[in-house]
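The hints should help you fit chain B onto chain A, whose structure is shown.
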Amino acid sequence: MSDTVGSDTDIQIPSPGTAGAGGARTSPPPAPAPAPATAPRRRGRGRMRLEIAVLSGPPIIVFVAFVIFPVVLAAYYGFYKWQGYGAATDWVGLNNYRLILTDPAFQQVLWHSLLILVLSLVIQGPLAIILAILLNQRIRGRSVIRVLIFVPYVISEVIVGTGWSLMLQSTGAANDLLKHIGLGALQKDWIADPKLAIWTLIAIISWKYIGFAVILMLAGLQSIPEELFEAAQIDGASYWQIQRRITLPLLGPTVRIWAFLSIIGSLQLFDLVYIIWGQYVSGTAGTSTMAIYMVAQGRSAGNYGYGSAVAVVMFLITLIVALLYQRFVLRRDLRGAITEGVS
Amino acid sequence: MSARTADWFPSAAKQKPRGRRSGDRDKPAKWGSPAVYFVALVFIAVCIAPVLYIVLGGFRTNSQITTSPAGLPHPWVFGNYANVLKSNTFWGEFANSVVVALASTAGIVILGLMVSFVLARYDFKLKGAMYSLFAAGLMFPLVIAITPLYIVIKDLGLVDNLAGVIVPEIAFGLPTTVIILVPFLRAIPKEIEEAATIDGASRLGFFFRMVMPLSLPGVVTVGILAFIGSWNNYVLPLYILNSEANFTLPLGVQAFSSQYSQDTAKVLAFTSLAMLPALVFFSIFQKRIVGGLTGAVKG
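So the sequences go chain by chain: A and B.
Quick note on our numbering: the first sequence kicks off at 1 and runs consecutively.
Quick note on our numbering: the second sequence kicks off at 344 and runs consecutively.
Isolated chain A (complex conformation) (with noise of 0.2 Å):
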């Protein structure tokens, strides 16, 4: 998609270089057909197996062991109710499942974790796009401007959830604040107000992750031609036709995988809520997302089949809205990465 408005169907063609440009049109299944082989490469046929298992052997095993068998591990215990020692031996099929998909908690959860999804997209997405495009200028200081803007993401969770929670407290510095200009009567028990404290926990979100989407967008703009925006403007087009017809279009991609990574944490999100609510406020006031539950129902009540089948639900339902994403968003920029792999 850099090259025109229109090229985004382009990033099909194979550019220079691209392993295996050639045998993209060739062989859909490159099993037996030996790929455009260089000579050295067909002779070296067991040496490259040797190289292949070499190379790959080792992040294999360290991936399937500590992330794939872990996960299988939790689809297996969903199936069973138990208390964490032992082996598992309590069959009870899908009925964590059942009681989960009736858990009206869950259900509450559930809403939770759309609603941070929904609301990361709106806020953060048409913010960081305009700061972006104000930002994408030859400006003197911009890289300070950039590194400032990066701060909150880079804090850990930790510091941000602790710094927060006591400024937010009902006798922290943002009531404070509001008092001192006069606005008093906006003083709100920012966190363990159950009603409130999902809209807190979306702002300071936003706040931590904004930063991620501007940088992104940044280095998306980058890399448009400038001789785009100077043939536009020769051409007689306004800031704003410019911006809506070269920069929007063009920035498409950068903010589909944005907004797709934006999906996946808010599906997953734990560390902030439980840091801020789970240590400060009993219960967590209205903010529980799914892992939280999970967490809650699996390790803090002892029931672990409960909670790993709660992890399995909160699996499938990110890699159902991955899916569907990566089918309807996604399909132009990713090529079915997920569904289709490299090959």
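Because the hints were derived from the structure by calculation, they are not lab data.
Source: prediction; values computed, not measured.
It is possible that some hints are incorrect.
[To be verified] Each pair of labels, with its calculated beta carbon distance range: (1) B:A598 x A:N95: 32 to 40 Å; (2) A:P104 x B:V441: 39 to 47 Å; (3) A:S300 x B:E537: 53 to 61 Å.
[As the list claims (entries may be wrong)] Here chain B is said to cover these stretches of chain A; the calculated rule only asks that three of the stretch's residues, wherever they fall, bring their Cβ under 8 Å from a Cβ of chain B: (4) 50-56; (5) 128-138; (6) 146-158; (7) 163-173; (8) 289-298; (9) 303-310; (10) 317-328.
In this text, a Cβ means the ideal position worked out from N, Cα and C, and glycines have one as well.
Chain B in isolation, oriented as in the chain A frame:
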């Protein structure tokens, strides 16, 4: 095969021939319009104010914080920071964080580069499945797997051991790494590989002499993300480490803030010092991260 189905972050390949926006370096920076600076300043103020609150809070006394939570320190107190800097707890946790972050970053970069190289430059039957395996890893947050992961780590005898944090962190860092690096590695022109072969370099020689240097921007980006990610990681240490001597800084901040929950100023000082390393590290490398994303996100 290849480009059609390939890249999550499309067409890093295309950025190569065109080069980075060419004018970027040639034209001198100029002062932008006041409106731009105004918007930037407002935005920065919103980003920075809470952080400043934490930092400044460390310079106050608790009574200052209680009477005027939003005021400036008056007078400035340095004792909180001095105490933290003198404490063994802080430096012990700092050292643990350094070990974890460096080891995880090294592991993620090395293993990630190895597997990305295979995925980008070799043709074999299981390549698609392998890529999908790693790509799917993006959808497994650590929290989902934490209970079984704990069991695996316990069986390996790594509970309350820094290695028990490092190894899973490497594993969970691989998907992002693979997805960012594969386009970079694939973008290296085949001709270079052929030339290297003709000159007698083995494929592994090619890997070390050509691939490593050429994919440096991607590698640096991945390295920074891995470092910051593991420096900030909270869930894994929370479950794996239980003796204070093994705590990393995020756990330390939490332990400290509940231990001294009455001493807000002290907590703020501790918190400020804990966030400093990641901030400094990021400020040094921020140009690289934008550059790397430009390559990975779009050509």
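- Verify the coverage statement for the stretch 163-173 of chain A against chain B, using a C-beta to C-beta distance below 8 Å and requiring 3 or more qualifying residues. holds (count 7)
- Do three or more residues from the stretch 303-310 of chain A put their C-beta atoms closer than 8 Å to C-beta atoms of chain B? Coverage by chain B holds here, the residue count being 3 at a Cβ distance below 8 Å.
- Message: Tell me whether the statement that chain B covers the stretch 289-298 of chain A is true, taking a Cβ distance below 8 Å and needing three residues at minimum.
- Response: holds (count 4)
- Could you see if the CB distance from P104 of chain A to V441 of chain B stays within 39 to 47 Å? Distance hint for P104 of chain A, V441 of chain B holds at roughly 46 Å.
- Tell me if chain B covers the stretch 317-328 of chain A under the three-residue, 8 Å CB rule, please? holds (count 3)
- Task: Take a look at whether the Cβ-Cβ distance between S300 of chain A and E537 of chain B falls inside 53 to 61 Å.
- Result: holds (59 Å)
- Within 8 Å of chain B (C-beta), three or more residues of the stretch 50-56 of chain A: holds (count 4)
- Item | Given coverage of the stretch 128-138 of chain A by chain B, tested with a Cβ cutoff of 8 Å and a minimum of 3 residues | Result for this restraint: holds, n = 5.
- Item | A598 of chain B paired with N95 of chain A, Cβ distance criterion 32 to 40 Å | holds (38 Å)
- Taking a Cβ-Cβ distance under 8 Å as contact, does the stretch 146-158 of chain A have three or more residues in contact with chain B? Satisfied; 12 residues make the cut.
Against the hints set out earlier in the document, no violation occurs for any number.
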